[in-house]
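Each chain is listed here by its residues.
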Amino acid sequence: NAGVMQNPRHLVRRRGQEARLRCSPMKGHSHVYWYRQLPEEGLKFMVYLQKENIIDESGMPKERFSAEFPKEGPSILRIQQVVRGDSAAYFCASADRLDNEQFFGPGTRLTVL
Amino acid sequence: GNSVTQMEGPVTLSEEAFLTINCTYTATGYPSLFWYVQYPGEGLQLLLKATKADDKGSNKGFEATYRKETTSFHLEKGSVQVSDSAVYFCALSPRGNNDMRFGAGTRLTVKP
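Chains as they are written, first to last, in our numbering: chain A, 420 to 532; chain B, 41 to 152.
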C-alpha cells in the first residue's frame with residue numbers, strides 16, 4: 420500500500436505566479452489535511468477536506484489560497500499570486516476516519532523568488 | 041482551546057544518553073496524543089500514540105505515557121543513537137474532530 424504521495428517535491432515560483440501542489444492520499448483514505456511548515460517552526464493546520472467537501476478551512480489565509488479534493492484525482496492546494504512569505508514546506512496528510520492517526524506525505528518545498 | 045506545548049530545542053546528546061522531551065497539552069475532553077518524528081528532508085512519521093489516560097505508547101525504544109493528572113505526554117528513550125537525530129513533534133487530536141494540533145517541534149542531535 421503506497422503511502423501519501425505529494426508532487427512536486429520542490430517547486431520554485433516567481434512572485435505573482437501560481438503554485439499548484441498535489442496530494443494523493445493513501446488508498447482507502449478519504450480525509451485529507453494540508454499543513455504549512457515555515458523554516459524552524461512547527462506545522463500549522465490549513466485545511467481539512469473529505470471527498471469533494473471542505474470541512475474546515477480555518478487555517479487557510481482568506482485570500483489567494485484555495486484547496487479542493489475532487490471525486491477523482493488528487494487533492495490540490497492552489498496558491499495564486501505567490502509572495503515571498505509563501506515560501507515554506509507544505510505537507511499533506513490523510514486518514515481513514517475521524518480520530519485516527521494521520522499519515523504524512525514527504526512534503527512540497529515551495530520557494531518564491 | 042486545544043494546544044500543545046513542547047520543550048524548546050535544540051537538544052544535543054551523546055550516543056547512549058537518556059532522552060526526555062517534555063510535552064504538555066491543553067484540551068477539552070479526552071484527546072488522543074501522538075509523537076511524530078521528522079527526519080531531514082522528509083515528512084512526519086508517526087512514532088507512537090496513546091488514546092486514553094495511563095496508556096503507554098512505545099516504538100523503537102521510545103515511550104510516552106498519557107498522564108491526565110499532569111496533562112503531559114513526555115517522550116523518553118533510555119539510550120539514544122545517532123540515527124535518532126531528527127525533529128520530534130508532540131500532537132493532540134480531540135475526540136470527534138480532526139483538528140490535530142502540533143507542538144513547535146524539538147530538534148534532537150545525537151553525537152557519536
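Treat the hints loosely; a few may be bogus.
[To be verified] With beta-carbon atoms standing in for the labels, derived distance ranges:
hint, chain 1, residue 1, chain 2, residue 2, range
1, A, R441, B, E56, 17 to 27 Å
2, A, R441, B, S54, 24 to 34 Å
3, A, S485, B, E82, 24 to 34 Å
4, B, N62, A, L457, 16 to 26 Å
5, B, D95, A, R516, 42 to 52 Å
6, A, L457, B, L86, 21 to 31 Å
7, B, N62, A, Q499, 33 to 43 Å
Hints listed in this document are in silico derivations from the structure and should not be mistaken for laboratory results.
Backbone N, C-alpha and C define an ideal beta-carbon position, used for all residues, glycine too.
- [ ] Of all the hints given earlier, name the ones this structure violates by number, lowest first.
- [x] Checked against the structure, the hints that fail are numbers 1, 2 and 5, while the rest are satisfied.
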